[in-house]
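Enquirer: Residue-level listing of the chains:
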Amino acid sequence: MKRLIVPPLLFGLAFVVLLNAELLEPLLRTLFPNVREILYARIPLIDLFREHVMMVLVSSVTATVIGVSLGVIVTRPPGRDFLTVVQGLSSFAQTFPPVAVLALAVPAVGFGFRPTIIALVAYSVLPILNNTIAGMEAIPRELTEASRGIGMTPLQVLFLSELPLSARVIAAGIRTSVIINVGTATIGAVVGAGGLGVVIVAGLVRDNIAFVFSGAAAAAVLALAFDWLFGRLETLFFAPRARVSR
Amino acid sequence: MLPFVEFKPNRVAEGDPFHLWGLGLTWEPWLLAAIVAAALLLALSGEGPRVRAAKVAVGSALFAATLLVALRAGAILVTEATPFGRVGPISGFWIAALASFLIVEGSLRTASWNPMIKGAIRVLPLAIATGALASGALDSFAMVQEYINRADRFSQELTTHLRLAAVAVMAAVVIGVPLGIVAWKRRLLERPVFTLVNTIQTVPSLALFGLMIAPLALLSRQFPLLRAMGVQGIGAAPALIALTLYALLPIVRNTYTSLSVIPNAVIEAGNGMGMSRRQLLRFVEAPLSVPIILSGIRTSVVQAIGNTTVAALIGAGGLGVFVFQGLGQAAPDLIVMGVIPIILLAVLIDRGMAVLIGLVTPPGLRKDTL
Chain A
1 MKRLIVPPLL
11 FGLAFVVLLN
21 AELLEPLLRT
31 LFPNVREILY
41 ARIPLIDLFR
51 EHVMMVLVSS
61 VTATVIGVSL
71 GVIVTRPPGR
81 DFLTVVQGLS
91 SFAQTFPPVA
101 VLALAVPAVG
111 FGFRPTIIAL
121 VAYSVLPILN
131 NTIAGMEAIP
141 RELTEASRGI
151 GMTPLQVLFL
161 SELPLSARVI
171 AAGIRTSVII
181 NVGTATIGAV
191 VGAGGLGVVI
201 VAGLVRDNIA
211 FVFSGAAAAA
221 VLALAFDWLF
231 GRLETLFFAP
241 RARVSR
Chain B
1001 MLPFVEFKPN
1011 RVAEGDPFHL
1021 WGLGLTWEPW
1031 LLAAIVAAAL
1041 LLALSGEGPR
1051 VRAAKVAVGS
1061 ALFAATLLVA
1071 LRAGAILVTE
1081 ATPFGRVGPI
1091 SGFWIAALAS
1101 FLIVEGSLRT
1111 ASWNPMIKGA
1121 IRVLPLAIAT
1131 GALASGALDS
1141 FAMVQEYINR
1151 ADRFSQELTT
1161 HLRLAAVAVM
1171 AAVVIGVPLG
1181 IVAWKRRLLE
1191 RPVFTLVNTI
1201 QTVPSLALFG
1211 LMIAPLALLS
1221 RQFPLLRAMG
1231 VQGIGAAPAL
1241 IALTLYALLP
1251 IVRNTYTSLS
1261 VIPNAVIEAG
1271 NGMGMSRRQL
1281 LRFVEAPLSV
1291 PIILSGIRTS
1301 VVQAIGNTTV
1311 AALIGAGGLG
1321 VFVFQGLGQA
1331 APDLIVMGVI
1341 PIILLAVLID
1351 RGMAVLIGLV
1361 TPPGLRKDTL
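Sequence lines, in order, name chains A and B.
So the first sequence is numbered by my numbering: it starts at 1 and just counts up by one.
So the second sequence is numbered by my numbering: it starts at 1001 and just counts up by one.
Treat each hint with caution, since some may be false.
[Stated by the list, open to error] Short derived list, chain B residues pointing at chain A, Cβ under 7 Å:
1) H1019
2) L1211
3) I1343
[Said to hold, decoys possible] Using 25 Å as the maximum straight-line C-alpha spacing, the simulated SDA-like pairs for lysine to any residue come out as follows:
4) B:K1118 <-> A:N130
5) B:K1008 <-> A:V85
6) B:K1118 <-> B:L1040
7) B:K1118 <-> A:V85
8) B:K1118 <-> B:A1061
9) B:K1118 <-> A:W228
10) B:K1008 <-> A:G112
11) B:K1118 <-> A:F82
12) B:K1118 <-> A:G112
13) B:K1008 <-> A:Q94
14) B:K1118 <-> A:S91
15) B:K1118 <-> A:T84
16) B:K1118 <-> A:Q87
17) B:K1118 <-> A:G88
18) B:K1008 <-> B:M1170
19) B:K1118 <-> A:D81
20) B:K1118 <-> A:F111
21) B:K1185 <-> B:S1060
22) B:K1118 <-> A:G110
Derived by calculation from the structure, the hints in this document are not laboratory data.
Just so you know, these numbers come straight off a predicted model, no measurement behind them.
Idealized CB from N, CA, C, for every residue including glycine.
Sequences and hints are given; from them, build the entire structure.
Expert: This is the structure we're talking about:
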């Protein structure tokens, strides 16, 4: 019970302090007494925070739809020919640094919100796709055969048997890509996408530690909160099976 | 057909797109078209070892022809009348290159050839491109011009990039391996250790770099000795600390895993054979766990190459300098010039580590890690 109450309280408190100018100002003043311009005045932090969350949600939802569908297609009989190729390519593409993908999106589509979303989707599809394939491949053949044996149609086998059985692994992939997206979206500020990175970059450019700190702290708390949320959802939806330990 | 290359009269001008047949080339476009036709034909003609070999050959030829056309285009478009002119490959070129990669890689994946031959085929296009670069044939290319203008700076930043990543990963190995062992041996510490390294890895890289700045700036102000050593709020010191912290998770996790997968029975068998503690470590435990730890290091290095790019934003240098300069000046050629070596580094190091892991894995445990 303690683990259900304490973290959200902490995250909530952190957000309230970090995103509320009146509370943030005294904190930054005590931390950085020598900095003259203490608050990033151009855009309220809360707006940047909202932009950041939007970027992550839009790209993660899109990536989930694409990644899971692709994973399902290549594990069906008609798409099976492409399985090894898709699997190989997506694990190969995962060695590309996310920043590199983000930077390459700019020559391709220009500056702003769009290239960031495209880069975030392109990159975060990979862990979801990989995990969907892994989840599907890990299902024992007898189980899908049995589903077919009791008269399920191929669609029913997919939705009632295969997807639920691999949901845990797919969810882990989604969690990974959401965390990657929070991080890459931060760098999105450099390509003009907005988000919390804006304050960090402004601080770095103007040599203002207070800006850097406020943006970095908010981005860090956001990532940790997302991670915690996914961890909770995992234990909530998937039976708290005995932890795999020694 | 998509435009193949573009021509810019100078660095900042908008590019003029050129189609394959609009370049005034004679036989080259036909060669490319013939190869594409052959590739389509092969795609329809079933499977089998011969088809696979043909696909690999056609795919490689496609890459060579694509590069050749781009080269010829450069020679035709950039003349003495346009000394600042430069050509850049655009959609058509990139699609042809991607197609060649997909064809070759797709057939190599399922082929059961000698790994050495596979490796050679994979390296071939890289060798061709490097050769073209070294011969000066690519000099009219926009990104190559960006490179030529900064050749000295480039090698300097490349060294910085590699050094930052290497030092950070080495430090992470020194800290992470013992941490993994401790987490395994002392049950009480397992959770805190993993919570800590997981949390660090969750924090966005730019945020972690940012959070390093304030405390280090403070330290540097308080202790002149540190300042004299070059420890500052921005620069290499915060970058190295953040990169090291970032590299910890895969190493700690894999060290832990490597210990947990050694079956007790195997250790007991070793004991039963009369092995000393030392022999047990040397002949049983190390061969089983080293490959797993190495694959953790593999993940860490590849990640570190990417994260070091971001470190350029806090003034640590590295290849990210070019990327962010390019983004700042809205100069796409400069961006590409910075990004390509970063991707190549990540991919090459990943492959190299895969080969190394394959070599140290006991023959009985080998899978195709490539």
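Enquirer: Are the hints correct? Go through all of them and say.
Expert: A quick look at each hint next to the structure:
1. A hinted interface residue such as H1019 of chain B counts as satisfied when its beta carbon comes closer than 7 Å to some beta carbon of chain A; here the least separation is about 19 Å, so the hint is violated.
2. For L1211 of chain B, the interface hint holds, the least distance from its beta-carbon to any beta-carbon of chain A being 5 Å, beneath 7 Å.
3. The beta carbon of I1343 of chain B is positioned within 7 Å of a beta carbon in chain A (closest approach about 5 Å), and the interface hint is therefore held.
4. Annotation: proposed proximity of K1118 of chain B to N130 of chain A holds, straight-line Cα distance about 23 Å (limit 25 Å).
5. Distance check on the hinted pair: K1008 of chain B and V85 of chain A sit about 37 Å apart at the alpha-carbon level, beyond 25 Å; violated.
6. For the given pair, K1118 of chain B sits about 23 Å from L1040 of chain B by alpha-carbon distance, which is consistent with the 25 Å threshold.
7. Restraint check for K1118 of chain B and V85 of chain A: satisfied, since their Cα atoms lie roughly 15 Å apart, inside the 25 Å limit.
8. Note on K1118 of chain B and A1061 of chain B: the hinted pairing holds, with a Cα-Cα distance of about 16 Å set against a maximum of 25 Å.
9. A C-alpha spacing of about 43 Å is found between K1118 of chain B and W228 of chain A, which places the hinted pair above 25 Å, so the restraint is violated.
10. A hinted pair counts as satisfied when its Cα atoms are at most 25 Å apart, and K1008 of chain B with G112 of chain A qualifies at roughly 24 Å.
11. A distance of roughly 20 Å separates the Cα atoms of K1118 of chain B and F82 of chain A; the hinted pair therefore holds under the 25 Å criterion.
12. A hinted pair counts as satisfied when its Cα atoms are at most 25 Å apart, and K1118 of chain B with G112 of chain A does not qualify at roughly 41 Å.
13. Of the pairs offered as hints, the one joining K1008 of chain B and Q94 of chain A is violated, with about 33 Å between alpha carbons and a cut-off of 25 Å exceeded.
14. For the hint linking K1118 of chain B to S91 of chain A, the alpha-carbon distance of about 18 Å falls within 25 Å, and the restraint holds.
15. Of the pairs offered as hints, the one joining K1118 of chain B and T84 of chain A holds, with about 16 Å between alpha carbons and a cut-off of 25 Å not exceeded.
16. For the hint linking K1118 of chain B to Q87 of chain A, the alpha-carbon distance of about 18 Å falls within 25 Å, and the restraint holds.
17. Between K1118 of chain B and G88 of chain A the alpha-carbon distance is near 14 Å, which keeps this suggested pair within the 25 Å criterion.
18. For the proposed pair K1008 of chain B and M1170 of chain B, the alpha carbon gap of about 44 Å is over 25 Å, so the pair is violated.
19. Restraint check: the Cα-Cα separation between K1118 of chain B and D81 of chain A comes to about 21 Å, which is no more than 25 Å; the hinted pair holds.
20. For a cut-off of 25 Å, the pair hint linking K1118 of chain B to F111 of chain A is broken: about 39 Å separates their Cα positions.
21. The hinted pair formed by K1185 of chain B and S1060 of chain B fails the criterion: a straight-line CA distance of about 51 Å is larger than 25 Å.
22. With a C-alpha separation of about 37 Å, the suggested pair K1118 of chain B and G110 of chain A falls outside the 25 Å cut-off, and the hint is violated.
In terms of the numbered hints stated before, the structure departs from hints 1, 5, 9, 12, 13, 18, 20, 21 and 22, listed from lowest to highest.
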